[in-house]
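Undergrad: Residue strings, one per chain:
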Amino acid sequence: MKKENKLLSFLRDNTVPIMFVVICAVCIPISGFSASYLMNEIVTRMGRNIFLILALLIPIMSGMGLNFGMTLGAMAGEIALIFVSDWQIWGIPGVVLAMILSIPISVLLGAFCGKILNMAKGREMITSYIISFFMNGIYQLIVLYMMGSIIPIKHFSVKLPRGYGIRNTVSLLNMRQCLDNLLAVRVAGVKIPVLTFLIIALLCLFIVWFRKTKLGQDMRAVGQDMNVARDAGINVERTRIISIVMSTVLAGFGMVIYLQNMGNIATYSSHSQIGMFCIAALLVGGASVDKASIGNVFLGVILFHTMFIVAPKAGAQITGDSMIGEYFRVFVSYAVITLALIMYETKKRKRKSLVAQQLQQEQEEASGT
Amino acid sequence: MKNTRRLLFRTAAVLLLVAIAACMMVVGRGHTVYIDNKTLEYEGASYPAPYRATVYVKGERLSTLAARERGMSTVIGQRFSMTLELIEEKGQDPKTVEISLKLPYSMDGVILNIPGYLAGLPQEAWMSEFVSTPSEAEMQEEAPGAEEDILAGAEF
Chain A
1 MKKENKLLSF LRDNTVPIMF VVICAVCIPI SGFSASYLMN EIVTRMGRNI FLILALLIPI
61 MSGMGLNFGM TLGAMAGEIA LIFVSDWQIW GIPGVVLAMI LSIPISVLLG AFCGKILNMA
121 KGREMITSYI ISFFMNGIYQ LIVLYMMGSI IPIKHFSVKL PRGYGIRNTV SLLNMRQCLD
181 NLLAVRVAGV KIPVLTFLII ALLCLFIVWF RKTKLGQDMR AVGQDMNVAR DAGINVERTR
241 IISIVMSTVL AGFGMVIYLQ NMGNIATYSS HSQIGMFCIA ALLVGGASVD KASIGNVFLG
301 VILFHTMFIV APKAGAQITG DSMIGEYFRV FVSYAVITLA LIMYETKKRK RKSLVAQQLQ
361 QEQEEASGT
Chain B
1 MKNTRRLLFR TAAVLLLVAI AACMMVVGRG HTVYIDNKTL EYEGASYPAP YRATVYVKGE
61 RLSTLAARER GMSTVIGQRF SMTLELIEEK GQDPKTVEIS LKLPYSMDGV ILNIPGYLAG
121 LPQEAWMSEF VSTPSEAEMQ EEAPGAEEDI LAGAEF
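Note that the protein sequences, when read in sequence, are chains A and B.
Residue numbers for the first sequence, in this note's numbering: 1 to 369.
Residue numbers for the second sequence, in this note's numbering: 1 to 156.
Bound conformation, chain A alone:
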């Protein structure tokens, strides 16, 4: 009986990852991809995406849910890369410079986002989602009209021929995969981007260490109960702002790593769905709105991207139309977020009703004696 309960609760707690394992298990043989191709793709995508997804962990720790506002950091990273491209700084120095340049922009945007989220406590996710849309408008105003006219941009490969505004695609050919190729090793035909993984490992270590610091403990306290944390003398608002600023700065770095791997910036769309896909990947790894770990990030990236790689081909094999697979993977991204949010809300309500039942029982017992 106990074993059955354990199994049931395990299944209930890991519905999303199990669902994805099943999807992948079905799709991989149908797609017909070789193991080495799949491994290569997954490892490349791990290097490309994990840093970005790790940026989501800190706001979850401080109880602010899934930070859809990470798009702001992605925009900061893109703006920094546009400048670096214009100044023709290539290779690793270009990546480092872009990361440094993204910091002040990310801090400003993160502080702004954090302040607004403090005004919308309990509704952080939807608020950050809308902030990202609002900021997208500002970003486009700056990139499309101010760059080249007010903000100096000279290089013809970056600037639109009309004299202001940035081209739809900015080439990062001179820094393409410079991080991934440095120290890269090949194991059984699979390219391992060692330096990128080292950077990711450093961030993981930082997160583990940060949880134990005073600020990390404060964030966890704020995440568990804001009122208790406030009574304990923690400056709740400041702590929440810091967590969003940290997440935004890390997202900026992550975007630089992501784009150096891609080798170009889709100026007006690179950032638009990055938050959505990162959050979906994290949820696929078994995270929830109030709980996420580094393990969830890795598992999520592997499962989500395996599905991303095999779905179009599997769709083409089954239906003869690869677009079905494309639609399927986009549909699944949104569906998994919806499912995770519903499950989170259901669990929260169940917990509340359980507490209410216990209280009622205690009252009945007290009145009975």
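Some clues are possibly wrong.
If you want the footprint, here are the derived chain A segments under chain B, 3+ residues with CB under 8 Å [what the hints assert, rightly or not]:
no.	segment
1	70 to 79
2	154 to 162
3	166 to 174
Listed next, the in silico BS3-like pairs over lysine-lysine satisfying Cα-Cα at most 27 Å (straight line) [unchecked claim]:
no.	chain 1	residue 1	chain 2	residue 2
4	A	115	B	102
5	B	102	A	154
6	B	2	A	212
7	B	2	A	214
8	A	348	A	291
9	A	191	B	58
Since the hints were derived computationally from the structure, they do not count as laboratory data.
Glycine included, C-beta positions come from ideal geometry on N, C-alpha and C.
With the hints as your guide, set chain B onto chain A.
TA: The following block gives chain B in isolation, referenced to the frame of chain A:
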């Protein structure tokens, strides 16, 4: 006291980042170097191009240039070194010349004229800026106007 210390640390951190950024701007500046094996006319004198020039950059053969040909290399930083294997006239033995020079920070594309450099002429004679002309497609690119251009999802 605590506030002063915090301010000092923050200032030091900002200064450190600015210093690293400045270093990156210098060491990471990329240049495209065009190596011309073309006869140079300078102040009334003519400096003929060698029959064949083989260019090696970082030990790897970049290209073999006949007279009137151009080779291209990219370099990160302001120092550019190459080894030239020159055959002045057809049938002659090749001679090797090591060249190391400083590229101007402001130039994206730099044209180096081999005969001018070998003749020991002043820098303005053998070094000039390459100004690239945008292609037809690049000149016709327009700003994204349609909503789908801006809101389209990117590859993930």
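Undergrad: Work down the list of hints and note, for each, if the structure agrees.
TA: The hints, checked one at a time:
1. 70 to 79: violated (count 0)
2. 154 to 162: With 6 residues close enough to chain B, the hint holds.
3. 166 to 174: With 3 residues close enough to chain B, the hint holds.
4. 115(A) / 102(B): With a Cα-Cα distance of about 50 Å, the restraint between residue 115(A) and residue 102(B) is violated, given a limit of 27 Å.
5. 102(B) / 154(A): OK: residue 102(B) and residue 154(A) at ~23 Å, within 27 Å.
6. 2(B) / 212(A): 22 Å, holds
7. 2(B) / 214(A): The hint holds at about 16 Å.
8. 348(A) / 291(A): Holds. Residue 348(A) to residue 291(A) sits at ~13 Å (cutoff 27 Å).
9. 191(A) / 58(B): Within the cut-off at roughly 25 Å; holds.
Checked against the numbered hints listed earlier, the structure breaks hints 1 and 4; every other hint is satisfied.
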